[in-house]
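Protein chains in written order, with this note's numbering: chain Z, 1 to 410; chain H, 411 to 699.
Calculated directly from the structure, the hints in this document are not laboratory data.
Among the clues, some could well be false.
Claimed, not checked - Which residues of chain Z face chain H? A few of them, derived with a C-beta cut under 8 Å, are:
| hint | residue |
| --- | --- |
| 1 | A245 |
| 2 | D278 |
| 3 | V357 |
| 4 | M358 |
| 5 | Y388 |
Stated by the list, open to error - List of simulated lysine to any residue pairs, SDA-like, C-alpha gap at most 25 Å:
| hint | chain 1 | residue 1 | chain 2 | residue 2 |
| --- | --- | --- | --- | --- |
| 6 | Z | K258 | H | G539 |
| 7 | Z | K210 | H | L659 |
| 8 | Z | K51 | H | N527 |
| 9 | Z | K258 | H | I678 |
| 10 | Z | K210 | H | I678 |
| 11 | Z | K307 | H | G537 |
| 12 | Z | K82 | H | L522 |
| 13 | Z | K401 | H | G537 |
All C-beta atoms, glycine included, are put in the ideal place defined by N, C-alpha and C.
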Amino acid sequence: MRRGRLGPVLAALAVTLAACGSSTGTTTTTGSTIVFGAAVSSTGAQSLEGKLTKQGYDLWLDWINQRGGIVINNVKHPVQIKYEDDQSNANLSATLVQKLITDEKANFILGPYGSAATATDAIIAEKNGIPMVEANGAAQAIFNKGYKYTFGVLSPANKYLTGVLDMAATLSPKPTTIAMLSANDNFSLEVAKAVEDYAPSVGMRIVFSKPYPAAAPDVSSLISQAKQANPDIVMNSGHLAEAIAINKAAKQLGLNAKIFAYSVGPSTPDFISALGADANYVIDGSQWTPQVKYTPSFYLSVADYVKAYKQKYNSTDPPDYHVAESTAACLAFQKAIENAASLDATKVRDALASLDVMTFFGQIKFDSRGINTFKPMVVEQIQSGTHYTVFPANVANGSPKYPAPAWSSR
Amino acid sequence: MSQFTQQVILGLLLGGVYVAVALGFSLVWGILNIVNLAHGALVMVGSYITWDLFTRLHIDPFLSLPVDATMLFVIGYALQRGVINRLIRAPLLFTFLLTFGINLVIVSLLLLIFTANVRSVTPSYSGSGLLLGSIVIPYIRLGGLVVAMALAGILWLILNRTRTGAAILAVGADRDAAQLVGVDLRHTYALTFAIGAAFAGVAGGIISTFQSITPTAGDPYTLQAFAVVILGGLGRVSATVAGGLAFGLIEVLGQSAPGLGSGYANAIAFVVLVVVLVVRPRGLLGRLA
Numbered sequence: 001m002r003r004g005r006l007g008p009v010l011a012a013l014a015v016t017l018a019a020c021g022s023s024t025g026t027t028t029t030t031g032s033t034i035v036f037g038a039a040v041s042s043t044g045a046q047s048l049e050g051k052l053t054k055q056g057y058d059l060w061l062d063w064i065n066q067r068g069g070i071v072i073n074n075v076k077h078p079v080q081i082k083y084e085d086d087q088s089n090a091n092l093s094a095t096l097v098q099k100l101i102t103d104e105k106a107n108f109i110l111g112p113y114g115s116a117a118t119a120t121d122a123i124i125a126e127k128n129g130i131p132m133v134e135a136n137g138a139a140q141a142i143f144n145k146g147y148k149y150t151f152g153v154l155s156p157a158n159k160y161l162t163g164v165l166d167m168a169a170t171l172s173p174k175p176t177t178i179a180m181l182s183a184n185d186n187f188s189l190e191v192a193k194a195v196e197d198y199a200p201s202v203g204m205r206i207v208f209s210k211p212y213p214a215a216a217p218d219v220s221s222l223i224s225q226a227k228q229a230n231p232d233i234v235m236n237s238g239h240l241a242e243a244i245a246i247n248k249a250a251k252q253l254g255l256n257a258k259i260f261a262y263s264v265g266p267s268t269p270d271f272i273s274a275l276g277a278d279a280n281y282v283i284d285g286s287q288w289t290p291q292v293k294y295t296p297s298f299y300l301s302v303a304d305y306v307k308a309y310k311q312k313y314n315s316t317d318p319p320d321y322h323v324a325e326s327t328a329a330c331l332a333f334q335k336a337i338e339n340a341a342s343l344d345a346t347k348v349r350d351a352l353a354s355l356d357v358m359t360f361f362g363q364i365k366f367d368s369r370g371i372n373t374f375k376p377m378v379v380e381q382i383q384s385g386t387h388y389t390v391f392p393a394n395v396a397n398g399s400p401k402y403p404a405p406a407w408s409s410r
Numbered sequence: 411m412s413q414f415t416q417q418v419i420l421g422l423l424l425g426g427v428y429v430a431v432a433l434g435f436s437l438v439w440g441i442l443n444i445v446n447l448a449h450g451a452l453v454m455v456g457s458y459i460t461w462d463l464f465t466r467l468h469i470d471p472f473l474s475l476p477v478d479a480t481m482l483f484v485i486g487y488a489l490q491r492g493v494i495n496r497l498i499r500a501p502l503l504f505t506f507l508l509t510f511g512i513n514l515v516i517v518s519l520l521l522l523i524f525t526a527n528v529r530s531v532t533p534s535y536s537g538s539g540l541l542l543g544s545i546v547i548p549y550i551r552l553g554g555l556v557v558a559m560a561l562a563g564i565l566w567l568i569l570n571r572t573r574t575g576a577a578i579l580a581v582g583a584d585r586d587a588a589q590l591v592g593v594d595l596r597h598t599y600a601l602t603f604a605i606g607a608a609f610a611g612v613a614g615g616i617i618s619t620f621q622s623i624t625p626t627a628g629d630p631y632t633l634q635a636f637a638v639v640i641l642g643g644l645g646r647v648s649a650t651v652a653g654g655l656a657f658g659l660i661e662v663l664g665q666s667a668p669g670l671g672s673g674y675a676n677a678i679a680f681v682v683l684v685v686v687l688v689v690r691p692r693g694l695l696g697r698l699a
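The following block holds chain Z by itself, in its conformation from the complex (with noise of 0.2 Å):
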């Protein structure tokens, strides 16, 4: 290993080489392997989204190791993720990632998926003072305790379903009176909250609010409650389950709203094959969506990792947000190694708390808290089977049709 006066030089070198994409760097010493743990449901309710968690963990592994690694003083770390099964359950996955930390050997934990789980993993992390970077937990209740060694590359939940309310504001005859229904879990909830408070400063006003329980059988009752108070907008805080079911319930009781807007869900394949025709006009606040115009200044343009995505998981859909947002906590890690120039715990968390880049995913940067609150989220709509990108105006594809038809013209 060469540590000489010309190290911190040929570093920044490499490191822009390798921003460059370029396949040669200066750099050929291969050094340990740097070992990232994660705890994602591979079984259990949460596994479809555990899966597109660890699909966006090893786009940029393949992607990292291909290039060697990640890059310290000249020598490139090759890089390894070890993952456990937390079955859905929030408590088992801080058991994991204690386990993931001491027999293991983690050097740095990747979040797992779901709010629930990161809160409790987040106490792991911090009590073992190794960094955590997580992209599926957007709940604030995590960022709220003081902790120092978890960060959030996703827009927090309060911004959710305010960006549909922002671009609603825009539309004509302009929609006034919501409907929010919310699953009783805490980023549900919080989400829920957000809207309800963000509502007057457009104009709007809450004419229903229900909480229900999370996987719930039945939502017509609550359909049927929603449907009395005649809302133009009606919004769901929940999942991808009762996204469906909800938007089931509305056809089948004849609740007919110029809006419908679900917090998770409808940018899922899956909510579209469910539905068929039935999901068109539905409107969702996304983390990102594959028509986002970033011009990202290291790793792949939004482009080439639709791409990329396509080919690795051999998929005629673009990769969904949940994807994406998980990738970008890799790429969070990434540049925070790169710039700490070395695997000292104490030294990434710095450098994660100090960084700010600009990535296929948007503009990742912590605030004092460590969650990103300098992305903004994007609208989509479902149009004839297919997502647009509709609001903010200068990343859209694609314009708001408005308002929904009655579900008995369609």
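Let chain Z serve as the given structure and place chain H on it in line with the hints.
Below, chain H alone, put in the same frame as chain Z:
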């Protein structure tokens, strides 16, 4: 008032689903003394058969119900004859563990075959319904209730009007005495479990039309079936029907009560359950203690 009527109707429609789910569970519990923890998984197998036939061959979900029933009858017969029969005289805990294991195996197989993707069956008529003033009764949910009642009728006929039914009831009452009078025990056990599985399959077919299905989505239905049987009581078809409809009504009315969120629906339903257990331990219409 019309809103109240609407909620009552929705409660009965949901209750119909619970009846369909609980009939087979109740039969297996009452006759074989097995609390079948794999029941929800069998329900999901039915859902996936309906979904598969709908997506691939565009077969109407209601027309695929006999297919669900037949395939699950075969699976149920094989499971009981090949696996569960070996432990049938063991203490309850052993069959508990066994069916828990079977549940895991079925869920994993479904994950392997169908992946964890969320599916649902959405036929073209899913939005149409009977309009009575401001009250809506979706046809597809009404169909579910009708099928559930038909299942209850069929089960009653089998148990009370056929020799096979008499054999099943005899085994439930006293297996040794039944064997003495010439009932083929192993066959009857398997037949009972097969009927239970077939009914679970039909329930799954109905569920796929209004819920989203995943390999793990069956677990709550095992719990619901358990609650329905406790509420209604063991040993009678009418008890399961009463328990299912009552449980659906309690859940829906609980969540639509003013000032109460849906979050309380389960709490209310299970409080009622505890009260029933304390006041009337054999259930609303149960025959056995």
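Hint-by-hint comparison with the structure:
no.: 1; hint: A245; result: holds, 6 Å
no.: 2; hint: D278; result: holds, 6 Å
no.: 3; hint: V357; result: violated, 33 Å
no.: 4; hint: M358; result: violated, 33 Å
no.: 5; hint: Y388; result: violated, 22 Å
no.: 6; hint: K258(Z) - G539(H); result: holds, 21 Å
no.: 7; hint: K210(Z) - L659(H); result: holds, 19 Å
no.: 8; hint: K51(Z) - N527(H); result: holds, 10 Å
no.: 9; hint: K258(Z) - I678(H); result: violated, 34 Å
no.: 10; hint: K210(Z) - I678(H); result: holds, 16 Å
no.: 11; hint: K307(Z) - G537(H); result: violated, 38 Å
no.: 12; hint: K82(Z) - L522(H); result: holds, 22 Å
no.: 13; hint: K401(Z) - G537(H); result: holds, 21 Å
When held up to the earlier numbered hints, the structure conflicts with 3, 4, 5, 9 and 11 and fits the remainder.
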